[in-house]
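A.B. asks: Those protein sequence lines, which keep their order, are chains A and B. Under numbering that gives the first Met the number 0, the first residue of the first sequence is numbered 0, with each subsequent residue one higher. Under numbering that gives the first Met the number 0, the first residue of the second sequence is numbered 0, with each subsequent residue one higher.
Keep in mind that the hints are not guaranteed to be accurate.
[To be verified] Label-pair distances were calculated between CB atoms; the ranges are:
(1) B:R264 to A:V155: 28 to 36 Å
(2) A:Q54 to B:T436: 35 to 43 Å
(3) A:N100 to B:E115: 33 to 41 Å
(4) B:A368 to A:H230: 23 to 31 Å
(5) B:P435 to A:N100: 26 to 34 Å
(6) A:S1 to B:L675: 34 to 42 Å
(7) A:G147 to B:M411: 47 to 55 Å
(8) B:D80 to A:L39: 27 to 35 Å
Simulated from the structure, these hints should not be mistaken for lab results. Keep in mind it's a predicted model, so treat the numbers as computed, not measured. Even glycine gets a Cβ: it sits at the ideal position worked out from N, Cα and C.
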Amino acid sequence: MSFMIAGSLEEALTALAAGARPVAGGTDLVVGARQGKAPLPTSLVAIDRLAELTQIEPTDGGIRIGASVTHARLLTDPTIVSDYTALADAAALVGSPSTRNVGTLGGNVMNASPAMDTGAPLMVLGAVAEVQSERGSRTVDLSDLWTGPGQTSAKVDELCVAIDLPSRPARSGSAYVRLEYRRAMEIAVVGAAASVTLADDGTISDGSVALSAVAPTIIEVDGVAELMAGHLPDAVGAAIAAAVAEAAEPISDLRASDSYRRHTVGVMAARAVDAAARRAAGEEISVPVNRAIGVGASR
Amino acid sequence: MTTRTERRVGRTGGLIGDSPLRPDGIPKLKGEFEYAQDLTAAEMLWGATLRSPYAHARIVSIDLAPALAVGGVHAVLTADDVPGRGTFGLEQPDQPVLAGDYVNYWGEPVVVVAAEDQDTARRAAAAVVVEYEVLEPLVDPEEADRRDETFRRMKIRRGDQDITGDVIVDGYYEVGMQDQAPLGTEAGLAIPDGHGGVDLYATSQFVHVDHEQVVASLGLTSDQVRSHPTGIGGAFGAREDVNLHIHLCLLALHTSKPVKMVYHRSESFTGHVHRHPARMWYRHHADMDGNLLRVEAKVLVDGGAYASTTGAVLANACYFAVGPYRCDSVTVDGVGTRTNNPPCGAMRGFGAVQVCFAHETQMDRLAAALDMDSLDLRRRNALATGDAIPTTGQIIETPLPMTEVIDSLVAMPMPDATISDSPLSLPGGTGLTTEPTDVSRGVGYALGIKNLGFSEGFDDYAQARVRLTAEGATVETAAIEVGQGLVTVLAQIARSALGVSRATVRNVDTSMIDSAGSTSASRQTQLSGGATLEASTRLRARILHAYNGDDLDDDGVWSEGRLVTPMAEITEGSWEETATFRHPATTEPDENGQGVIHADFAVAGHRAVVDVDPELGLVRVVRVDTAQDVGKALNPQSVRGQIEGGIMQGVGLAIMEELIVEDGIIRNPNFTDYLLPTILDAPEVEALLIEKEGSWGPYGAKGVGEPPIISSAAAVAAAIRDATGRPIDRIPVRPQDIALL
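One chain only, chain A, in its complex shape (with noise of 0.2 Å):
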């Protein structure tokens, strides 16, 4: 096995190239290698030491976060907090206090769980990835980017580097909510993301809804802006939900049958519009953190 400590980006693309799978928190990889999952790859390069992949940074169009941001990071980052909530929101419920320390947006994204946080929220922001190969750049939708439960579009010799999101339209919000059986250390039975988009009238004029846990990638909830559009915040719950167990394709296992997926995730859906739609009206309510450690409790 060889092991390699990419010094910039392109090493790491050139380690790519020659076969290497990339690691930085290594949270998936190591524990997917100890519980059996999948060997650890006979070759791995490094990133966690790229700087260019650690940054946070505003863009013509909005905010550029770079593949090795780690969830520790996301959640108490201020504009993420304040503009782009929902993200804060599923960061702040990734794994452990280690594993929030060391785990990347990047990794997250391309170990492509059904079941990942922080994947609904990037939906409903619509965030895209940039992938980079000794071949050149490209961006990827999330939808296009997620193929099935592990698997990406992405080529094996091209390397995730930084999520783009765009600006944010005024008088809107976002939330990510997650059903769990116990209060840490835990994976989604399911989750939902919410951005709402209100008119001056405090009527929704535009939101959308992505699903964790319920279907073979994260999905995007088709006709919820139809849906909601004209309609005031409390008076939608219900459609959502129904929509949504609709939209719905879960299976039965260890953690839950269908039925009661289907039947939970209407549930918090439409619990991710309500607060999606009262941050967007300009309440506080605080990324929900394990506050026993004391970071990301204000908004």
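Start from chain A and add chain B according to the hints.
C.D. replies: Quick look at chain B alone, frame taken from chain A:
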């Protein structure tokens, strides 16, 4: 001259009723404590186990050559390499050391390997080629009952078998398979002694019974094997059975080198026995005033592939099937089935946990049917000293403060009724999942009873030796400290009984002392504590007699207030006493399950407060209050530790801890999918210790380890029922059982 007053001032703490620092506490916190996982020896090899991938199969052939071809491999052994008895077992030796012609459960050991490092050993084990003829597994315990595939049947008939009540309540209940999930996995080291014998250091709750089984399978004489107590990271019943013990010794003797094994986490889930899953059918009869007239029950516990302690767990479940209530007419039929499911055995509560969930749910339903307060119903029927145990007819001769437990529990303050909006205190965890308006609160009560010590005529004893030297008192014992605080309390007993301030506990191996019995059945403080007290008392009397004194302390022997012989002079001699303590004898049951079956009993009650999000089925256990019959709290801090830990395990059983077994295969043998409550899931716990001396334990102490789990799970389930109106006839309660009805 030293005066009496001065020497009293000089005495340090750590006596009976104090809560001194645990000697193993700080080393454990600092990572300096030596667990079995940390053992090492020069030229040590590592062992690994190849396990059956099928719940039931015939072994057609085993090809060891690919494993032997792996570089660094020193031994690859099969059933043919077991020189002595090919099987082991606590109640009957029915479990193969290594599978012979058949495998009977998923994860059954087939081949063991020793190699120069752990990875090589595991790779070599995986390289063995076993050809299996896969057979249909028997996994439905009710089908096993019908086919009479059983380890034991129980029949209890007491009183009028025809009486019926004015009010009758029927119920069917299930309890899932809980795992002990000790954080320290199975681990050990066997060192050959160069003369054909072996020293074994391995995770255990009962080294003498390991020793017996190891000797039998190795075909050695008793004195050729020494089983040593070693550092344990949790037990809860999982360490009572042999697992890697014989394998380690076989490999060590075969290679003439020390061999170490450490199970990885998922292997640990198959490498030890689990709590028996149970199915229970109940009928309660009462008169209009709420007097319990008759209880009928059928109790099925699935033992899985091999006997382990299924017979005793089933018996306990049946003996405590009615709970802590008077009832003169009882009918219980029990069966412990044999299937191709994972073997089940001892776990904290040992049968009493399963039936407690059933009898307490029945009591709540009976109260509802009578339109009576459920605590009034319990109080009206509560057992007391002088009553007969409803199942066995045994008269209770020691204090049994059931009514006091109920009254204390009711008097304890309730938490604030306002639902906090902190995400830390809401169901749904730390996300935005649940808001206060989504929450219903519920309160539930449950009472439990269990025996202390081994029962049914078992010769249950513990030996301890107390020495007095210049270093102070030393208690020698083979009793296992599993984290419960035994080493602390035995030293407290020695200090108090002998009169010296320095006392330490030293674990010795099976060749150096007789058995202390098992660290189980809530018995070790009572039994090994009893032996320590007796040895200390006799030693003190001998020393006082030898020096014509009337008191002994750190300074020496005193007479009428004057120091007559200084300690330095006393400890020039050799002072030791060995005592063997037995609890009152018990009898085997007659054909109707009647007799003096148990040595003593302990009771406890729990009140659980839960917040439930009924739409999602999520539960947050807000608070669990308890009152527990402890006899005498020898170390109140340790008692509270047992209570808080037991309640956490009860909360786990009530809402999340379950091994999912499908077609005999455990689907969640890992801590990602087998959910243990975290500290954020821990409820507030208030515990009231009820001290009523009169039991036979040292200073009147009763065992305290098991009562905290027996009724806490049932109380949480009752609280969920109260919050949601759902039937809740199965634990663990799954969110879908709440949300999808």
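A.B. asks: Each hint should be assessed against the structure and marked as holding or not.
C.D. replies: The hints, checked one at a time:
1. B:R264 to A:V155: 28 to 36 Å: The hinted range 28 to 36 Å holds for R264 of chain B and V155 of chain A, with Cβ atoms some 31 Å apart.
2. A:Q54 to B:T436: 35 to 43 Å: 41 Å, holds
3. A:N100 to B:E115: 33 to 41 Å: Given range 33 to 41 Å: holds, Cβ gap about 36 Å.
4. B:A368 to A:H230: 23 to 31 Å: 48 Å Cβ-Cβ, so the 23 to 31 Å window is violated.
5. B:P435 to A:N100: 26 to 34 Å: Given about 31 Å between the Cβ atoms, the range holds.
6. A:S1 to B:L675: 34 to 42 Å: Holds, at about 37 Å.
7. A:G147 to B:M411: 47 to 55 Å: 54 Å, holds
8. B:D80 to A:L39: 27 to 35 Å: Cβ of D80 of chain B to Cβ of L39 of chain A: about 34 Å, so the range 27 to 35 Å holds.
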